[in-house]
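Enquirer: Bring the two chains, given one by one in their own frames, into a single complex with the hints.
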Amino acid sequence: MDLSPFQSRELVERAAALLRRISPKEELRFMHVCGTHENTVARFGIRSLLPSQIKVVAGPGCPVCVTCPSEIDPAIEIARKHATVFTYGDMFGVPGSSMSLREARAEGAKVKVVYSVSDAIKMVNPVAGPSTFFSIGFETTAPLTASVIWSGLPKDFTFIVSHRLIPPALVALLDSGRIEIDGVICPGHVSTIVGTHPYEVLVKEFGIPVVISGFEPLDLVLSIIELVKQHKAGARVFNEYSRCVKPEGNTRARQLMDEVFEVCDMDWRGIGSLPSSGLRLREEFSDLDALKEFRVRTRRDSNMPRGCKCSQVLLGSLPPAECPLFASRCTPDSPVGPCMVSSEGTCRIWFLHGGRGS
Amino acid sequence: MKGVSTGKGSVTIEQGSGGSAMMRLISEVVLRNVTKWGKGGVTLRDLDDSGSLVCGDTEIVLTTDAHTVKPPFFPGGNIGTLAAAGTINDIAVMGVKPLAISSSLVIEEGFPRGDLSKIMSSMNEVLEEVDVDLITGDTKVVEKGDLDGIIITTSGIGVTRKGKVVRDNGLRPGDSIIITGSVGDHGIAVLSVREGFDFELKTKSDVGPVWDVVKAAMSAGRVTAMKDPTRGGLANTLNELASKSGVGIEISEELIPIKPDVASAAEMLGVDPYAITNEGKVVLGVRPQTAKKVLSRVRATQRGREAAIIGTAVRDHQGEVVMETRVGGRRLMEPPIGDPAPRIC
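Heads up: the protein sequence lines correspond to chains A and B, in order.
Take the first sequence: its position 179, counted from the start at 1, is 423 in the working numbering, and no numbers get skipped.
Take the second sequence: its position 101, counted from the start at 1, is 900 in the working numbering, and no numbers get skipped.
Isolated chain B (complex conformation) (with noise of 0.2 Å):
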């Protein structure tokens, strides 16, 4: 057929970790052997939070997302608290309330039926949190040593009025950038067990459904674009942002709120707080004259009251974020080629 192509070599780790190394393999390996990526609505070429499909009036979104964090159990949730927030998130960040998910559960034989009735109860608890029904599922077994543990692959869907979407690239000149809450929570969390480094951390992962952060928001003001910063935190997702839409965005690294604690984690550790996974927080792009009503009714939920208005979309640098820095210099905040740390989420 023509145009398909199996690829060359072999797939590498930072091929996996959110940033611009998977965007490569996504594209000449994923997107090059398929040809029915979907139309009308959010396709699989747009590489969106989440697909659409249109039928009639309504728009259907759907998104599926595997987990493999290792460590399954982290400070602040499981694997099953992530799988259950990271697909109902993908949803909400489309602006449409999440419906219903379903969960495939792939498990290494010898994995204690203990840890998977708490893995199992986690996400229930995330499903109660948000209203969202878990309606089918899949379990499969594989041999010892063929899997590390646990794989879950949830998927999810929403529905909303045709074109009512919030995509990706819809931001404009002037729009103020929000994140909702802290960065680098949830990539500190799970490195610092991984790494057996003894920080005496009181951080725990952000993992949580965004849902309620999002409604307040969208009933406050007129969202343009929106999305979770998950792989490749949050300088992948405003690099996103800003090359979807084609515009610039401004950012002040003093307005970025981050907790000492995982500031000095990730300096120890040597990774970009900036580039590490988010598990609970979404970027906003509003506009201007509504930005200060957003915020104030963010900040009035549980998960968003440390969000801040972190900067502002330009017409200049088209595709380039700036940061002012925390001594007022000013320097380019670079795309990750992926998240410093891989199996995080």
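Chain A on its own, in the form it takes in the complex (with noise of 0.2 Å):
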């Protein structure tokens, strides 16, 4: 598919121009959830193609960000004595309660990093021992890993299972009162397995607008203008990645996470225990459950790094650059907290590509 008129100037002015004419004159603060969108919105300037009395704010789209020291140090554990541990490039610089994979690696600890669960599995090497795969992600990396459970795994293989899933986690953070938005832009890849029915909860039960999002800035540009026409005409939930999104989303792939994985509540970093909102493995397949494997014991910790004010930036309650830390003792090169970690992290974001605007 041919992208180039989602990155079209004239198309996205043209959005602007339009954008400017329907804003209504009060404050309307539309939140996004996805590391992605930040992308998009810091590397091409989109907040300073907007009218002021619009914002944008990132909320919790980074599930590296979200990941507990609970999970991160039992992975530690395990790299350490029992297996080698397999994890995507994000998590392995994420600290826990006293050190990340990194740091634990260098000390000796077992640790991979990999782009995909598949390929661990073609790195396992039977005779280094154990492999387990620490799996994290929402809607978007859930399906391979039940997938590859699904169709049949190395000899030994287990699982740390940290996914975590995005609706119910906006259903508990609105429901608390503890986000104060006006409108959400969800991210489209979410949809393409979930499609867009577990949205309508927002609208029914909040009224609040509701903008399934592409990634290109014509997509967010597009996705604003949208969100301004709900807060005027009435909320509903609205596929502007039509083209990716079916209303159904991807059946098969949602029925493997069914079969492997059941819904359980979740901690989330800095945020707290969220209901519904994480995925654990079934029953029948709690032999391939890394913690219970090597039993390993895990103590509920669901903190930031002291100091750090990543809990706010996650809520869209702080721009990271009004964290005291931002850029100062927190850099991409020796980060305090997980937004400045990961490559979907706000402040990382921020850091390299100029989120501060202009």
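Treat the hints as calculated values from the structure; they're not laboratory data.
Glycine included, every Cβ here is placed at the ideal spot set by N, Cα and C.
You may find that some hints are simply not true.
Straight-line distance between alpha carbons at most 27 Å, and here's what the computed DSSO-like set of lysine-lysine pairs gives [said to hold, decoys possible]:
hint: 1; chain 1: B; residue 1: K869; chain 2: B; residue 2: K1003
hint: 2; chain 1: A; residue 1: K299; chain 2: A; residue 2: K476
hint: 3; chain 1: A; residue 1: K354; chain 2: B; residue 2: K869
hint: 4; chain 1: B; residue 1: K869; chain 2: A; residue 2: K366
hint: 5; chain 1: B; residue 1: K869; chain 2: B; residue 2: K1001
hint: 6; chain 1: B; residue 1: K896; chain 2: B; residue 2: K1043
hint: 7; chain 1: B; residue 1: K869; chain 2: A; residue 2: K356
hint: 8; chain 1: B; residue 1: K1043; chain 2: B; residue 2: K838
hint: 9; chain 1: B; residue 1: K963; chain 2: B; residue 2: K835
Computed, partial: chain A to chain B, Cβ under 8 Å [as the list claims (entries may be wrong)]:
hint: 10; residue: V256
hint: 11; residue: A286
hint: 12; residue: I290
Derived Cβ-Cβ restraints for the label pairs, each shown as a range [stated by the list, open to error]:
hint: 13; chain 1: A; residue 1: S296; chain 2: B; residue 2: M1067; range: 33 to 39 Å
hint: 14; chain 1: A; residue 1: P370; chain 2: B; residue 2: E907; range: 32 to 38 Å
hint: 15; chain 1: A; residue 1: S296; chain 2: B; residue 2: L843; range: 42 to 48 Å
hint: 16; chain 1: A; residue 1: G421; chain 2: B; residue 2: P1087; range: 51 to 57 Å
hint: 17; chain 1: B; residue 1: D932; chain 2: A; residue 2: G373; range: 55 to 61 Å
hint: 18; chain 1: B; residue 1: R831; chain 2: A; residue 2: C488; range: 51 to 57 Å
hint: 19; chain 1: A; residue 1: R487; chain 2: B; residue 2: M1067; range: 17 to 23 Å
hint: 20; chain 1: B; residue 1: I825; chain 2: A; residue 2: E503; range: 55 to 61 Å
hint: 21; chain 1: B; residue 1: P870; chain 2: A; residue 2: G352; range: 24 to 30 Å
hint: 22; chain 1: B; residue 1: R993; chain 2: A; residue 2: R543; range: 38 to 44 Å
hint: 23; chain 1: B; residue 1: R831; chain 2: A; residue 2: A350; range: 25 to 31 Å
hint: 24; chain 1: B; residue 1: G962; chain 2: A; residue 2: P249; range: 50 to 56 Å
Expert: Printed below as a string of structure tokens:
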């Protein structure tokens, strides 16, 4: 598909002009929940194109950032004592309660960075002992993990399952009043799996405008226009990313996820427990659970590193540049909080791509 | 001795990648332990592309550069091309004709003699192109495993009249900013080989001497500042020019020349093409009234054909580079912490 119209300056400028014409005088705060959206917003300077009363804030859209020390610490223990731990590059540098997998590897723990769970399976070396995949991510990566579990695994291959779900998390955060927003920009790739229906509840229960958005600059400006229109005409779930997202999503992928995982309450780092917002292995697959296999105990801990304001950044209540550590004590080469580690983290994106604006 | 520091912890790979992490290492460990940093000309503490020594009416410009690129052979050149061009360019961007270089080879035991011969002959091609002599050298071999293949360190000198060197702190508000060709070619060419990505890339490294380009620019107008955008790429260079000169820079992304192949490979590799090494380009500040003439002279040279005016130095937002993006938004072009890839040059 030719994506160039979605990066066309002429079209983006026309859309921005339309947005300026239709925007009401009062401030409207729209939240997206996706690192890729923040990347586009920052890299293309989208905020500078919006009328000043339209604010776009980043929510908890980085799966690595919300993974708790109580999940990272066991991964480190397993890598030290029991198995080779495979994980995504973004997870590698995130600090647990005392160190990151990267630091653990420097001290001799067996950690390997991979692009996908299938890469991890290809790299398994039975001579080197058991292997564990530290499986993180939203609805986009969970089906991949489910599909390899379904299609058969090498011997002694286990999982730390740290998958989280976007729609229930949004519901929980709105329900508790911890985020106050006038519209949600939902990640298009999540909807390629879950479809559009799981967001209906946001409209019904909270009257919040919802748009499912693609990732190019024009997608985002059009999505913001849609939210402004809904603000006047009434909330609905609008699928801006119709070139990829079907209303019903990918039923086969969801079926696979359902067969392997069950929904559970989940701690989100810096945020706390959110009901029905996580996945765990079903009972019949419990032999694949690395924590059980290696009898690793874990202590509940969803704290951010000390002094770090990532929890406010994750809820969109503090722009990264207003954190006193931003770009001083906390930089991508020596990060304090997870949002500066991950390429999906708002702080890192702002640091690298000038999110501070101009 | 007062002020001497050995530093704490260990050196990390980012600290050799040309960005703010390296600057910190240099200021915390290198500069703090050196008290004899030069006087009169361009000193160590100026952290310019070369240093200089004033002798009577003349100024001698000296630079040195170690080359550790991995792999040593890449599309468009090899470590020999790089070692000669890198040093020649660091003299050239001071606005001075490079006269001679030295070359010191540290070779790992078992390195193929045929490869070494190719490397030396590539080095010679660069020397021939700009008429620079290799007048002294050194050769060492270390045990297998003590080094990854080969490291080449070259130093170079040039001579000019006192006070005639072009610095990286001379930008003035109103100056036009010119880049002498497309960005990201070297970094992407090396990275794509290294990562084994099968891009079927036509992209070759831009490695080569830039003296002809510099000479053409200086003959056509008033060049106020110059720098070659090597490690840390265009973003690092523009930020250094802005902060050292005490001006702001405004650039337009649409005007930055970039090859479509390089742009899409950078996207796939997840690296910022503006933060990655170039080895045959120059960023120039020129007085606005001569900018068009400089541009056309530069474009008439072999290595400057794709040159473009990409922005302007301004009085506002001192030390910061603001970019108007491809879709018309505005954002800061931040100085990179380091080049996205280590051992790229």
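Enquirer: All the hints need checking, so say for each whether the structure fits it.
Expert: Here's how the hints hold up against the structure:
{"no.": "1", "hint": "K869/B - K1003/B", "result": "holds (15 Å)"}
{"no.": "2", "hint": "K299/A - K476/A", "result": "holds (17 Å)"}
{"no.": "3", "hint": "K354/A - K869/B", "result": "holds (26 Å)"}
{"no.": "4", "hint": "K869/B - K366/A", "result": "holds (26 Å)"}
{"no.": "5", "hint": "K869/B - K1001/B", "result": "holds (19 Å)"}
{"no.": "6", "hint": "K896/B - K1043/B", "result": "holds (24 Å)"}
{"no.": "7", "hint": "K869/B - K356/A", "result": "holds (22 Å)"}
{"no.": "8", "hint": "K1043/B - K838/B", "result": "holds (18 Å)"}
{"no.": "9", "hint": "K963/B - K835/B", "result": "holds (23 Å)"}
{"no.": "10", "hint": "V256", "result": "holds (4 Å)"}
{"no.": "11", "hint": "A286", "result": "holds (7 Å)"}
{"no.": "12", "hint": "I290", "result": "holds (5 Å)"}
{"no.": "13", "hint": "S296/A - M1067/B: 33 to 39 Å", "result": "holds (36 Å)"}
{"no.": "14", "hint": "P370/A - E907/B: 32 to 38 Å", "result": "holds (33 Å)"}
{"no.": "15", "hint": "S296/A - L843/B: 42 to 48 Å", "result": "holds (47 Å)"}
{"no.": "16", "hint": "G421/A - P1087/B: 51 to 57 Å", "result": "holds (55 Å)"}
{"no.": "17", "hint": "D932/B - G373/A: 55 to 61 Å", "result": "holds (59 Å)"}
{"no.": "18", "hint": "R831/B - C488/A: 51 to 57 Å", "result": "holds (54 Å)"}
{"no.": "19", "hint": "R487/A - M1067/B: 17 to 23 Å", "result": "holds (21 Å)"}
{"no.": "20", "hint": "I825/B - E503/A: 55 to 61 Å", "result": "holds (56 Å)"}
{"no.": "21", "hint": "P870/B - G352/A: 24 to 30 Å", "result": "holds (29 Å)"}
{"no.": "22", "hint": "R993/B - R543/A: 38 to 44 Å", "result": "holds (41 Å)"}
{"no.": "23", "hint": "R831/B - A350/A: 25 to 31 Å", "result": "holds (26 Å)"}
{"no.": "24", "hint": "G962/B - P249/A: 50 to 56 Å", "result": "holds (54 Å)"}
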